[in-house]
Every structure is written in C-alpha cells, then in structure tokens.
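One line per chain: the protein sequences are B and S, in this order. Under the numbering used here, the first residue of the first sequence carries the number 682, and numbering increases by one thereafter. Under the numbering used here, the first residue of the second sequence carries the number 188, and numbering increases by one thereafter.
It cannot be assumed that every hint is accurate.
In silico DMTMM-like cross-links for lysine to aspartate or glutamate, where the CA-CA straight-line distance does not exceed 25 Å [as the list claims (entries may be wrong)]: (1) B:K1183 / B:D1197; (2) S:K410 / B:D1197; (3) S:K587 / S:D263; (4) B:K773 / B:E748; (5) S:K406 / B:E853; (6) B:K1099 / S:D399; (7) S:K410 / B:E1094; (8) S:K530 / B:E1225; (9) S:K386 / B:E1116; (10) B:K1183 / B:D1469; (11) S:K521 / B:E1225; (12) B:K1022 / B:D1035; (13) B:K877 / B:E1052; (14) S:K414 / B:D1152.
The hints are simulated quantities; they were obtained by calculation from the structure and are not laboratory data. Since we're looking at a predicted model, the values are computed, not measured.
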Amino acid sequence: MNCLFATACFLFASIIFSAEEKFDYARDVRPVLEQHCFKCHGPEKQKSDVRFDTLSTDFLKDRPAAETWHDALNALQLGEMPPDDEPELSAKDRAALTGWIEHQIATRRAAQKSTGGEVILRRLNRVEYENTMSDLLGIRADYAVNLPPDTPSEDGFKNNGAALSMSPMQLEYYLQAARDGLSRAIVTGPAPEKLKVTATESATDKGKGNYTNRLGQGAKFILKLEDFPYEGDFIVRIKARAELVDGADFPRMKATFGFRADTQTPFAELGEVDVKSAEPEVFEFRGRMEQLPLQSRTQSKYPGQLVWITNEWDDGKKRPISRQVETIEEKKNPKNGKITKKKVKKTEYIDYPDVPKIVIESVEYEGLVFESWPPRHHAQILIPSEKRETGELVYAEEVVANFMRRAYRRPVEDAEVKSMLRLYSRIRPTVDSFEEAIRETLALVLVSPDFLYLVEPEPGGKKGTETPLTDFEFASRLSYFLWSTMPDERLFDLASTGELRKPKVLAAEVDRMLEDERSQQFVEQFSHQWLDLGSVGRVAVNPEYYEGWDNAIKPHMQAETREFFEEILQNELSALNFLDSDFAMLNAPLARHYGIENGPRGMEFERVDLPADSIRGGLLTQASVLLGHSTGEDSHPILRAVWIRERLLDDPPAPPPPNAPELDSENPDFAKLSVRQQLEAHREEAACNDCHRGIDPWGIALENFDAIGNWRVEVRRKNGRKFVKLPAETETELPDGTVISGVDELKQYLLEKRKDQFAKAFVSRLTGYALGRTIEFEDEEAIETLTDDFKQQDYRIQSLIQAITSHKIFQSK
Amino acid sequence: MNKPWHLDRRTFLRGTAGVSLSLPFLECMGATEKTTVAASKPVRLCAVYFPYGAATPRGKDADLNWSWMPQGEGADFQLGESLKSLEPFRDDITFLKGLSHLNGRKMGGHDTADIWLTGAQFKGGQFRNSVSIDQLAAQQFGDATRYSSLTMSTDGGVGEPTRSSTLSFGRNGQPIPAHNRPRLIFDRLFGVNPESAEKQRQELVNSGSMLDLLLDHSKSVRKNLGKQDQQKFDEYLESVRAIEKRVDRSQRWLDIPKPEVDASGLHLDSDDNTPEEYIQTMYDLIFLAFQTDSTRVATYQIGNMNGATSVAGKFPQLLDFGGTLHNLAHGAGKPGGMEKLGKWEKYLAEKLTGFLERLRSTEEGDGGHLLDSTMVLYGSSNSNTHNNTNYPLMLAGGKKLGLKHGQLVNYGADTPLTNLHVTMLNRLGVPSDGFVDSTGELTEIMS
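Pulled out of the complex, with its shape left as it was, chain B reads as follows (with noise of 0.2 Å):
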C-alpha cells in the first residue's frame, strides 16, 4: 500500500494540469513536519535559520520561502535530513513531503514559463527559412547552411517562438544568404545555350576500373561532359533496364556528379533509385550546376565533369571484383619472325550470377534546362511590365511592392515599399545595372524582420485567444503548420477575399494541404521532433558488440518511424496504432536487420502485415526509439523510460536534482547483475527510489530488445575481456502497482489503461507545434475539448487537424 502510495507523486509531480493535487499541505504536509523536523526548525530552535512552522507555503508569490522548500526537498533527496540520530521518515510521509514539494516547484516553474497563452514572435527555424528562400527565389538550395542549429523547446519542437533567438551572427548570414540566392535567381545577359550530350558507352576514368554498361558490383558507366555550364538547371536522364535475380533485393542505380582532380574526386551525389523492371526504363536526375563540384576553368589534368553511374545493391556478403587471370602472349619479333611466349598477368572482372545487374542503354545530359529565358525564377522576381521601359524608378518600385507582399507573407503599404526604395535609390548611382540596385534592396527585405519572423502585430497590444489573427497572419500559421513554408498563391488569394476562414473553405484547404507534396515536411518536421528522432545520430554502435554492424542503416530506421507516421496520417489510420499496429513500415535492409523474412526487395518502404505473433509492431519496437535510447552496446530502460514518459505519456520525470549521487555501488559484482537488479540497487537509496520507481519499470518491459532494436533473451555484457550472458528480465511493477512483463504486455497496458493519456498527450504535442509554442495551464479546456474530438474521429490525425486548424486557438493570436 505505501509503495502504490509513494508512487502516485512521480506520476503526478510534473503534470502542470494535473486536475487532482495529490497531496494536501494541512492533511499530508504538515503533520509530517510537525513530527519530524519542528523540534529543530520550528518555534523553540530554527536551526541554520530554518523554521517551517511559520514558512510560506505560497510558492508562486514567495521566491525565498520556495527556495527553502527547494533546499529541504534536496536535503531529503540526498539523506541529509532527518539526521541521522532522529528517526528515518516512513516511505509514505517522505512520499507526501517529497511530492508536494516537487508538486509546488513545477507548478511554480511552469508559471514563470506562461506566456498567458500567447504565441511569442517566431522567427523562421532553418528548415522554414530554407523552404520560404526556395520558394519566395524560386530556386532550391541550402539557404540555411551557415546558421546555427535551433534551439528546441522543452518538448523538443524547434518552431517555437520563446526558444528560438536571434544574433548578430545570424543576421549576417541571412544577409549573405539573401545576396548569393537574389544573384542567382536574377540573370543577366542572354539566353544561354542548351547542351545536350548523350553515350550509349562508357568513358573511362584515370586507372584501371570495369567501365561497363552492365553494372554488378564495383562496376561503373561514366558519362563525360567536356563542356558545361557554371550555373543553372540540368537533368541527367538514365535509360537502363534491370537483369534480377530471383529472392534477391532490386539492384539499386546511383549518379553521381563530379570531376576528377588528379588524385581526388570531388563527386556529389544526384540521386538513387531501385530499378525493377527488366525492360527499359528511364530515370531523371535534376540539380543545379553551382550546387556541385565543379571543375574550375583553368587547364586540368583531367578535364570533363563526369556523371557516374552505379550499382549500389549489396547483401552484405564480400565478393572479389576481380581476379588475376594469366595468359600466354606469342610475339613475333618482327626482325627474324621468332615467336616468343610471354607470361601475362590480367585483370577480369567476375560475373556472379547472385548479384542483380543493372543493363545501361543510353545517359544523356541536357544543361541548362528552363522553359523560357529569363527563366521563371527570374521573372517571378523581375516581373514583366509595361513600366519596365517606362523608367527604372517606376519599374523599381513595382518589382519591390511585388516581391514584398510574398516575402512579408501580406499586403503591403506605399509607405513600406517606398521607405525600402529609399535604399535602391542611394544605391542605383554608384552601381553599374539596375539589377544590382534591385538586388541589395530585395536583400533588404529579406533581412526585415517582417520576412524573417511570423509577425502579427497587435496595435492595441493585446494578445492572447481573444484577439483572432488576420487572415493572412491565419494563412501563414497553415502554411507553417503543415508545409513548413510560405502560403501558396491559393491560400494569398483566399486570405485577401476573406474566403479562408470559411469552415467549408478551410476544411478543404486543409485536405488539399495534406495531399500536397509539401505536407512531406509536416511529417517529416513533426514526427522527427516529437518522437526525438534525431537520438539515432547521437548514439555510437559498438561494432564489438553487434557484428557486421553498418551505420549506414540509421537513416533507414529513421525512415521507418517517419513512413510508418505518414501511413497513419495519410490513410487516416488510428493513432493508436503508434502503441501498437499489426503492420510495419520496412525496406529491404530494415526488414533483413529484423530478420523479417519475405520482405520488401528494395530501398522504398512499403507496408507489411506482421502476423499475430511478431515481436514488432506500434513505435515501441522500431530500431529509431531502441537504439536511439540505449547505450549503443546496451540497453537503456532509464531513457527508454523517460522516452515513453516524455513522448507518449506527456508527463516527463523531474530532472535529476543537485548533487544526485551516481549510479554507483561497491559492490565489485556489480557488473554481473543483470540491469534490472542494477537498477534495484540504485533504488535502494531512499533518494534515487524517489523518482526512479516511477521510471525504471517503463524501460525494463522492454529489456527483450538490444541496442540496435533486435530481439534477445540473453544480455550480453563484456566483463574484461569476456562476454558474459545474463538472461534478459522484463517483469517488472509500473508506478500504479500493475505487474506486467515485457513489451506484448506493456503495450497491452498502454492501451487498456493508459489510452487516454496518450490521447491527450499526442493532441497537447500536436496542439503546440501548430501553433509554435509551449501549451500551458491556460490551454486546458481546448486540449480537453480537442482530445474528446479526437477519441470520437477514432483517433485520425487528419480529423485532429482539421480540429485544431478550425478551433479558436490556432485562429487566434
């Protein structure tokens, strides 16, 4: 009973909303206090000045009596009190007086937070910068590369505004990002030349290689361009055909774009694609020539840019590429007709029949591609108009007014446009073209801060629910939501008619947003941020432990949890099925990492239904979330624990408090316990078993999965030199007293008992990414109201969404 009891505060502790306090100050509290500590820090004695009796219990209102709390709760934590000739408290009075004094200090914390429900100013993250310069220029490339990382929120989203900051540093980066992007979006001169160059045959590159167009392994067909441009659109287009191999993986086709520099390389790569078929096919490649490595115009040893082409199947097996033959060469000395015979050594290429090829007929390179001249990217800039030859000024101001509204996401006033020409025509006389006029006056814009950050001005300063967005403010808050970029010219036209905001007029926006290609970056930003996908890139595999271990998988589990969140999105699924699901999202290198027979044959993901007894199944048992949360050789049940607690459950644990002692134990047969006795014994200090209880046992359930996310039932662990096996143990106690073992039960649980829970917590993390801030006590009714929405539309994430873009919150400011 004291243990169910002593557990309730971890759960509750750190909930800021959560609708029951647990314990009580008169009731719980200070009974406590009255028996044990008064005697010392009470009327007759207040030693080192404490006195509780008296101490108020207002934490919010009393900064110096909370940091007394503060400094008892640590002393409690770290055994300091009581001393130790005064009796140990009862696990269910430390309970109350640990848990409502935690309970005190969250709720403190989270005031001091608020934004009253208020969105706060949000600049453009790096991937929103990048997407909006792309297409505000109309040209595609790493705007963002010199800026530095975002700062995510607690609840790890990286769109909200009170985390993200500016810098001097920053500022000049977008400054000399806006100038490189306007110089290439704006040409100059005429129409370049096209250039088309195609070859049915390889060339061949410096030294010996197997130049082919039957490509297995190892094998190259090279396409060599003498001439090419510097800047601009190509597409480089394979015709090829696949020769498979029966149980085998598609045969996967690489170009890649550089040149060779005597010794070195420098390549790029354009792209990879599964071939499939055995008649031709032909597979477009597109980039920009400055956005590659190119050779510079100066004489070189090597001249030629070369597009490469390869065969990037592999089943891990090593295969020679070649062998030595030797041969017997006859000469005839030409002088007296004597035939000599020479020993020659040969390099031949092996054909094995196991390895899937991939048959080239033609490559062909078209540069520079555009449809008109100047190309659209240029004309949407320098927009063609009759003033244009009317007078530079006029012309100006208009190009401006124009590429100001896109760029500031609204109309603009005369008087915004003519205080940024002001600029222009300082500059115009001391450059030589008008387009180096317009472009450091666009750069301008792109700097303001009306372009880099979502403003919504609020003249009477007043914010907060009450005050609904205008419609373009409302426009940009969609596009940011679920495209991660600026509103398309749709959404600019809807805004200014006023027809947006129109339920039936927003509700198919919506829809016609989610089937966009765009809404890739909603499921790409989200589901990377809430689900912290970014924990693979952060562990390091012990090859020593996992053989035959290849990194190169980590992007492909990434990919899993992201495919497999874009499948219950797309085809409104249950989001229930995030806790558990009869299908996985699998490629062929994923499904043979886990041993998933009879699975997909190439790189593109593809459902699989897992039979009734898989041990996979729901975001629990993908590689992502168990590698990303273990050691890299182990296991790690205490963030996998916090992982599940934080991201699913919306209730993340108290971090760890000053001058916590380590995991640490002197016991020298420590390293033969298996996790959940070390874990044990971490709870057998009173300080740890605090919150640890209310931890651990989320992680030990799944214990049956390595580092790597594979299924065990053995540890291993390396003592010394050698590896010891200890049998995996995955029955353990949750924080509510049910006993459950491993990850079908834990699951199991999830869903029986802990449904609603998820709910609310998915549509909290949701709710706070639409709108780019952190949900707050303030929120509590529109979670509520929002969650009920969702549990009633069966759990569909495009029903939610719906919900929140047509709910008071994500219309108000």
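Got chain B sorted already, so can you dock chain S onto it with the hints?
Just chain S now, with coordinates in the frame of chain B:
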C-alpha cells in the same frame, strides 16, 4: 602579421572614396587611447570547457592515481596519470582547488555550464544570464583585431538555458552562438573573398545603408507588437545594432589582407563523427587565430551537459574509451570506473598539452612566447557528476601578465570562483573591482 589599428570610419570613407589604400598609410592612422595598450602588447584569453566534472576518487585506494586534481599542495603537487602530459608545463600552470560558483550550488546537477564564465544567478523562468568574462575582454581589446572573439563548441549554436552549448554571453547575458564547423571558422578567419576589394567595399557601404534603414523600420515594427513579442524582438534589434558595428569593423579591415595560413594539416571537414581530428582542429584554429592576431579571445566547449542531445556525447565511444561522456562520468563510482574516466581525461589533457606546446614554442616580438601573454583556463563546472562544488580548474600561461604559476592552491569550499574571474580580468587589463559575487582577488596566483 596584422598590426592592430584604429581609425574613424567616416573620415576614412569621405577621404578615400573608393581609392584603395596601401597598408603603410593605414598604419599611420592613430589608434584611440583605448586600444593603445592592447595594441602595443597583445594579451589573450582562451577558455576550454569539458562537461560533467572530472574523476574525483575519495580515500586512498588505487583510484587516486586517476584523480584529475593533482595530489599535494603548493609547489609540490603531483600530477596523476590523467594529466601526466602536463608535467613539462609545471612552471606554466596552476591548479585551483575548491572553487565553484556559489550561484551554481542550487542549480540542477547538469545545469551549470551556462554560468561557468558568468557566475550568474539564473533568475526566473527565462533564465537570464549575464556577461561572460571572455566578452568583457573582447569589449576591452576586441577592437584591435579583425574579430573581437571566437566562440566555438562541438554542438554549436546556443543550446537551451541550463544546457548551454556556448560558453560566451554578451553584455546583456544574451548567448552568443558558437561555431562548430571547422571549415566555416577557417573561412571566416582566413578565407579569401573572391570578390574584388572594390566590390566588397561597395557591399559594405550598401550594408551600412541597409542597416540604417532596417533600424528605422524595425523600431516602427516594434511599436505594434505585444509586450512579450517586444522582448523577443529586442534580440533582433540588438543584432542589427551589433552587425552595424561589424560592418564598420569590416570596412576598417578591408584593405588589410587576411593572413595567409597553410591549411594542409587541418582537418577542416572533420565533425562529431571524427572526434580525434575534430578536437585537434578546433585547438589548431584557436592557435592560428592567436598566432595571426585575428582575435585575442576564444572559448571552446568540448561538450555540453545535455546527455540526451549533445553530439559530443559519443566522442569517447568512438575513440574506444568505452562509454559516452555521460556514461563515463556517471560510471566513475563503479569498480574500474575511475580508471575508465581517467583515461578519457588523459586523452583530453594530451590535446590541451599539444595546444599549450604550440603556444609556448611560438615566439613573440620581444623574445617571449605566445603562452606568456595568453591565459588559458581549462576545466568544468561540476566536481564530478551532479556536484556543483569544487570544480576541476587549471589556469595556464599569462606569466607576463602578472600570474604566478607552478603550484596547486586549495581554496576550500567558500571562495567564489568569480574571485578567479576578477583576478584574470585585472591581469588582462580589464579593470574590475568586482565581478558578480566576487569578494576579492586570488593573491596567491598573482606575481
């Protein structure tokens, strides 16, 4: 090498109108009073931080060998296994035992990197920091060099409050984003702009005009914002003002070519997946920046204390030290754990030693070497994991600046670390009566 100099930008622009000037003329232009001192004698500050504290074995077991803090006191200190590589530098270093930020004591166990160089008391939910000592130094003599300071960390950016990934904080406590890509740092310091000087000047002049207009415009934007938005917006306004100054500075430096540096030994494309090359290159870049007098102030945070998100966490794993930074620190109490952590610390110390070695073997104008005029602070803001007292700290170099070395001084638990900060600032020529909660200077380390 560049001579620092100072001139009025407006005079310069008016007088030259696009005519490119030769270097000697520029050198004739008088420096202002403020920079004269700095100009004649370059003094430098470098602070390098590692997370989670260090091995602090207790008692008298075999683990003592792996104590980061040397045994003994005064001149008789004995370096343990992990810092052995510093032995040849005995006379150039001082260990400071017992110091910590009093303001950090109540903070969470992993929360204190933010205040290592600031000593701030984080207040309220927004955790407002205050200025760091490197930025005070940068304000004082940053004008003398092309860049006022160089801020680096493995994670880059600013991180989040209490999990900072920068050590540097500006005048108002605003975090200064750290650079984490060697290539970008190198390009800033030494890269040659392919545009002609004329074109660059034109751009700078334009930038100046742009920023003027931007400031006007931004003020009118600010008026219409809600109160909380205004606070956020002030970061932007401050940034505009700051880069206005940078534009001025760049114009002043335009005609002085960037120093030519041989990049062949540098691993400019190294990143967090190649820690050996990466850490080495970061030190190399600081050294080159100092050697060429491109800046006189540098900070480098080897890892932040966000065990869950720091990309530096896996460094020791990748280098085969058997665990992440966080694991090694937390596992120090396990049998054999002290040695594991100690070996990693040894590795880090060797990198530092290499850096000190380069400073010491580089001569400076008047017969001395760079190390004597460069203060290098090395340490952390926990003693060991979670403990916000008794930081591992070592101060190296700066003998010519009035520091006394070759000793271990034990200050006990009550001396604020800010006393060290004040001592350093005053020796660097940044007059300081006090810094945050300091109570005086550390006279034991003053010569």
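Check: Looking at the structure, which of the earlier hints fail to hold?
Finding: 2 and 12
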